[in-house]
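First to last, the protein sequences are chains A and B. Take 2 as the starting number for the first sequence in the numbering used here and just add one per residue. Take 2 as the starting number for the second sequence in the numbering used here and just add one per residue.
To be clear, the hints were calculated from the coordinates, so they are not data collected in a lab. Incorrect hints may appear among the rest.
Heads up, the list lumps identical chains together, so a pair's fine if it works in one copy or across two of them.
[To be verified] Cross-link-like lysine to aspartate or glutamate pairs, in silico, EDC-like; alpha carbons within 20 Å at most:
(1) 175 to 255
(2) 166 to 255
(3) 311 to 170
(4) 56 to 67
This one's a predicted model, so the numbers in the text were calculated from it and none came from an experiment.
2 protein chains.
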Amino acid sequence: MKRRKFITVAATGLAAGSLAAPAVAQAPGAVRWRLTTSWPKSLDTMYGSNEAFAKRVSDLTDGKFEIRIFAAGEIVPGLQVLDAVQNGTVEAGNTLTSFFIGKRPAYSFDAGLAFGMNSRQQNAWMYAAGGLEMVREVFKKDNLLLFPAGNVGVQMGGFYRKEIKTVEDLKGLKFRIGGIGGTILQKLGVIPQQIAPGDIYPALERGTIDAAEFVGPHDDEKLGLHKIAKFYYTPGWWEGSAQDSTLVNLTAWETLPPQFKSAFEVAALEQNLMMIARYDALNPIALKRLIAQGVQVKQFPRAVMDACYKATQETYDELSAQDEDFRRIYTAWRQFLAESNQWFRVAEFVLDSYRFAAKPL
Amino acid sequence: MKRRKFITVAATGLAAGSLAAPAVAQAPGAVRWRLTTSWPKSLDTMYGSNEAFAKRVSDLTDGKFEIRIFAAGEIVPGLQVLDAVQNGTVEAGNTLTSFFIGKRPAYSFDAGLAFGMNSRQQNAWMYAAGGLEMVREVFKKDNLLLFPAGNVGVQMGGFYRKEIKTVEDLKGLKFRIGGIGGTILQKLGVIPQQIAPGDIYPALERGTIDAAEFVGPHDDEKLGLHKIAKFYYTPGWWEGSAQDSTLVNLTAWETLPPQFKSAFEVAALEQNLMMIARYDALNPIALKRLIAQGVQVKQFPRAVMDACYKATQETYDELSAQDEDFRRIYTAWRQFLAESNQWFRVAEFVLDSYRFAAKPL
Numbered sequence: 002m003k004r005r006k007f008i009t010v011a012a013t014g015l016a017a018g019s020l021a022a023p024a025v026a027q028a029p030g031a032v033r034w035r036l037t038t039s040w041p042k043s044l045d046t047m048y049g050s051n052e053a054f055a056k057r058v059s060d061l062t063d064g065k066f067e068i069r070i071f072a073a074g075e076i077v078p079g080l081q082v083l084d085a086v087q088n089g090t091v092e093a094g095n096t097l098t099s100f101f102i103g104k105r106p107a108y109s110f111d112a113g114l115a116f117g118m119n120s121r122q123q124n125a126w127m128y129a130a131g132g133l134e135m136v137r138e139v140f141k142k143d144n145l146l147l148f149p150a151g152n153v154g155v156q157m158g159g160f161y162r163k164e165i166k167t168v169e170d171l172k173g174l175k176f177r178i179g180g181i182g183g184t185i186l187q188k189l190g191v192i193p194q195q196i197a198p199g200d201i202y203p204a205l206e207r208g209t210i211d212a213a214e215f216v217g218p219h220d221d222e223k224l225g226l227h228k229i230a231k232f233y234y235t236p237g238w239w240e241g242s243a244q245d246s247t248l249v250n251l252t253a254w255e256t257l258p259p260q261f262k263s264a265f266e267v268a269a270l271e272q273n274l275m276m277i278a279r280y281d282a283l284n285p286i287a288l289k290r291l292i293a294q295g296v297q298v299k300q301f302p303r304a305v306m307d308a309c310y311k312a313t314q315e316t317y318d319e320l321s322a323q324d325e326d327f328r329r330i331y332t333a334w335r336q337f338l339a340e341s342n343q344w345f346r347v348a349e350f351v352l353d354s355y356r357f358a359a360k361p362l
Numbered sequence: 002m003k004r005r006k007f008i009t010v011a012a013t014g015l016a017a018g019s020l021a022a023p024a025v026a027q028a029p030g031a032v033r034w035r036l037t038t039s040w041p042k043s044l045d046t047m048y049g050s051n052e053a054f055a056k057r058v059s060d061l062t063d064g065k066f067e068i069r070i071f072a073a074g075e076i077v078p079g080l081q082v083l084d085a086v087q088n089g090t091v092e093a094g095n096t097l098t099s100f101f102i103g104k105r106p107a108y109s110f111d112a113g114l115a116f117g118m119n120s121r122q123q124n125a126w127m128y129a130a131g132g133l134e135m136v137r138e139v140f141k142k143d144n145l146l147l148f149p150a151g152n153v154g155v156q157m158g159g160f161y162r163k164e165i166k167t168v169e170d171l172k173g174l175k176f177r178i179g180g181i182g183g184t185i186l187q188k189l190g191v192i193p194q195q196i197a198p199g200d201i202y203p204a205l206e207r208g209t210i211d212a213a214e215f216v217g218p219h220d221d222e223k224l225g226l227h228k229i230a231k232f233y234y235t236p237g238w239w240e241g242s243a244q245d246s247t248l249v250n251l252t253a254w255e256t257l258p259p260q261f262k263s264a265f266e267v268a269a270l271e272q273n274l275m276m277i278a279r280y281d282a283l284n285p286i287a288l289k290r291l292i293a294q295g296v297q298v299k300q301f302p303r304a305v306m307d308a309c310y311k312a313t314q315e316t317y318d319e320l321s322a323q324d325e326d327f328r329r330i331y332t333a334w335r336q337f338l339a340e341s342n343q344w345f346r347v348a349e350f351v352l353d354s355y356r357f358a359a360k361p362l
C-alpha cells in the first residue's frame with residue numbers, strides 16, 4: 002500500500018513502445034520523490050546542496066529519477082523532517098539528525114558529538130571503519146535509511162553580548178543552542194533555548210537570550226547577530242564536525258531499481274564532500290567581513306573549555322548508562338577516535354601547526 | 002578517426018530491437034574504456050580506489066560503461082600514464098600528476114604544493130574557488146581533462162638511517178623523493194633520487210640511498226623500510242596534501258553521452274572522498290604496529306623546517322619567473338591559502354589543538 006503512494010510511474014517513450022518486452026522490463030519507469038529539508042532557502046549552502054543533489058540524480062538517470070526539494074515549512078516544519086520521512090509523508094528528508102536525539106540518544110553519532118571527530122575523522126569512521134553500519138542500525142528501527150550528505154566542519158561558538166571570562170559566567174546564561182551541546186551546558190548552569198533561525202535576531206536584540214550559536218561566519222553573517230553582540234567565540238566544541246544527513250523511508254527505498262539506488266547514494270556522497278568545500282571557501286571571506294565590522298573573535302578560556310570537557314564526559318557516561326545503543330556505539334566510537342587522534346597528531350597536526358604559524362608563502 | 006579507436010559500441014538488447022527508433026536513438030551503446038594507473042596492485046588504497054571507481058561507473062550506467070583498470074606496467078610503466086592518455090593509447094589514467102612537473106611546472110597545483118593546502122583546503126580551492134578550472138586549463142594544453150580522484154592527506158617524511166638534527170645533516174643525503182620536494186631539497190644539499198617503489202628496499206639496504214619517503218604508515222609498512230631504518234620523520238611537508246587524479250583524453254571524453262560523463266565525474270569525486278577516508282582509517286593502525294616494532298617517530302627540528310620553508314619560497318619565486326602558467330595560478334593559490342589559513346586557525350585548529358592535547362574521552 003505504501004509502495005503505491007511513493008512511486009509515480011510515468012509512461013516513458015520507451016515503455017510506450019509496443020515491442021521489445023525484455024528491454025521494457027529492464028528500463029526503469031520514471032520515479033518522482035519529494036525531499037523536505039530543515040533549511041530555509043536563505044541557507045544557500047545547506048539548502049543549495051540539496052538542489053545540487055537532485056540535479057545530479059536526475060543527470061545520472063537521464064531525468065528518470067526526479068527529486069523535488071522543499072524548504073522548511075513548505076511541507077512540514079524544519080524540526081519535523083525525521084517524522085515526515087518515517088511516516089511516509091515524503092520519501093526523503095535532509096536535516097541535522099542531532100535535532101532528534103531526544104527520540105534516540107544514539108542518533109548523536111551521526112551528526113557528531115561534542116569534542117568528537119573532525120570532518121575527516123568522521124568520514125573515516127563512517128565510510129571505512131564500520132560507523133555508518135552501526136548508525137544505520139539505529140535509524141533502521143524507525144524504518145529509515147541514512148546517508149551522510151554534507152558537513153560544516155567545526156562551527157563557531159556563537160555571538161555573546163558579554164565576554165565569557167570564567168566558568169561562573171556560564172551560570173544563568175540564556176543561550177540559543179540545540180542538540181547535545183545544550184544538554185551538556187545545562188550542567189554548568191546554562192539555560193539552553195531552542196529557537197528557529199528567523200527568531201534568533203529579535204530574541205537576542207530584546208534580551209530574551211544573552212547569546213546564540215548558529216553555524217559559522219558564512220551563515221551567521223546573514224542573521225545579523227554581529228550588529229547586536231560583538232563577541233564571537235570559538236570553538237564550537239559541541240560538534241567536532243557537524244554532519245548533515247539525508248534520510249530515506251526504507252519502504253520507499255526498497256522500490257527503487259539498483260541504478261537509482263546507486264545514483265542516490267553517490268549523489269549524497271558528492272554533497273558530503275561539496276558542502277564542506279563550499280563552507281571552507283565561503284567562511285574565510287565572511288569572517289574577514291565580520292571582523293571589518295568590529296566583531297571581536299574570542300577564544301573560550303582554558304578553564305571554560307576544561308569544565309565543558311568534563312561535563313561532556315559525564316553526559317556520555319550518563320547516556321551510556323541509560324541507553325544500550327548509545328553505550329554500544331560509544332565504545333567503538335571512542336576507541337576509533339583515540340587511535341585516530343594519535344595519528345592526526347603525528348602528521349596532519351604537525352604540518353598544520355607549522356603552516357598556520359608561519360608567515361604566508 | 003580517434004573516435005573509432007576509443008569507442009566499442011556493443012549491440013545491446015535494446016539496440017537489437019527492431020522498432021522504437023526514438024528510444025534507440027536515446028539509448029546509449031555500451032562503451033569500454035581502459036584506465037591505466039601508476040600503482041602496483043599491492044597499493045590497495047590507490048589501486049583499489051580505481052576498482053571501486055569502475056564499479057560505481059558500471060552500476061550507474063547499468064553496466065553499459067565499462068572501465069577496465071590496469072596496474073603500472075601492464076600497459077605502460079607507472080611514470081608514463083600521462084603520455085599514454087595524451088597519446089590515446091588508453092582513454093584514461095590515474096596518477097599523481099606531480100610526477101610530471103618536469104613537463105609543466107603548473108601541474109604542481111593539482112597534486113599539491115610543499116607547505117601548501119591541507120586536503121580540505123585543497124577541495125575548497127578546487128571545487129569552490131576556481132582552482133579546478135585554472136588547473137584544467139593547463140592540462141587542456143595537452144588534450145587532457147582532469148578529475149581529482151583521491152587524497153592521501155599529509156604524508157610522512159620518510160625513513161632515515163640516521164637522525165636529522167641540523168640543516169647540515171641534509172647535505173649530501175641521498176634521499177628517495179620525487180616531485181617538487183626533490184627540487185626544493187636540492188637547494189639544501191640533498192641528492193634526490195627517483196626510485197620505483199619495488200626498488201626502494203634494496204637501495205636503502207645496500208646504502209645506495211640514506212633515506213626514503215613513500216606515502217604514510219599504511220603503504221610504507223608494506224615496503225618494510227622500518228626493518229632497515231628506524232627513524233620515521235614527520236611531517237612530509239612537501240605536500241600539504243597529496244591529491245591523486247584521473248586524467249582523460251579530451252577527444253575520447255567528447256564522444257561520451259552526458260549521462261556517462263556525469264557518472265564518470267561523480268565516481269571520481271566519490272573516490273576523492275573515499276580514498277582519504279580509507280587512509281585515515283588504516284594509517285592509525287599501521288602506525289601503532291610500526292611503533293610496536295621499534296620505529297622511532299621523530300619530528301624535523303624547527304631549524305630544518307625553517308630552512309625548507311625558505312627554500313620552498315625561493316623555488317616558487319623561480320618557477321613564477323620561468324613559467325607564466327605557474328605565476329598566474331600561484332598568485333591566486335597563495336591568496337586563497339592565506340585567507341583560508343586565517344579561518345582554519347580560528348575554528349578547526351583551535352578545537353583540534355584542544356582535543357589532541359586532552360586525555361581521551
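Now for the hints, and whether the structure bears them out:
When the C-alpha separation of residue 175 and residue 255 is checked against a cutoff of 20 Å, the pair qualifies neither within a copy, at 45 Å, nor between copies, at 59 Å. In this homomeric assembly, residue 166 and residue 255 never come within 20 Å of each other (Cα to Cα): the closest approach is 54 Å inside a single copy and 61 Å across copies. For a Cα distance limit of 20 Å, the shortest separation of residue 311 from residue 170 inside one copy, 17 Å, qualifies, whereas the shortest one across copies, 45 Å, does not. Proximity of residue 56 and residue 67 under a CA criterion of 20 Å is satisfied intra-copy only: 8 Å inside one chain copy versus 24 Å between copies.
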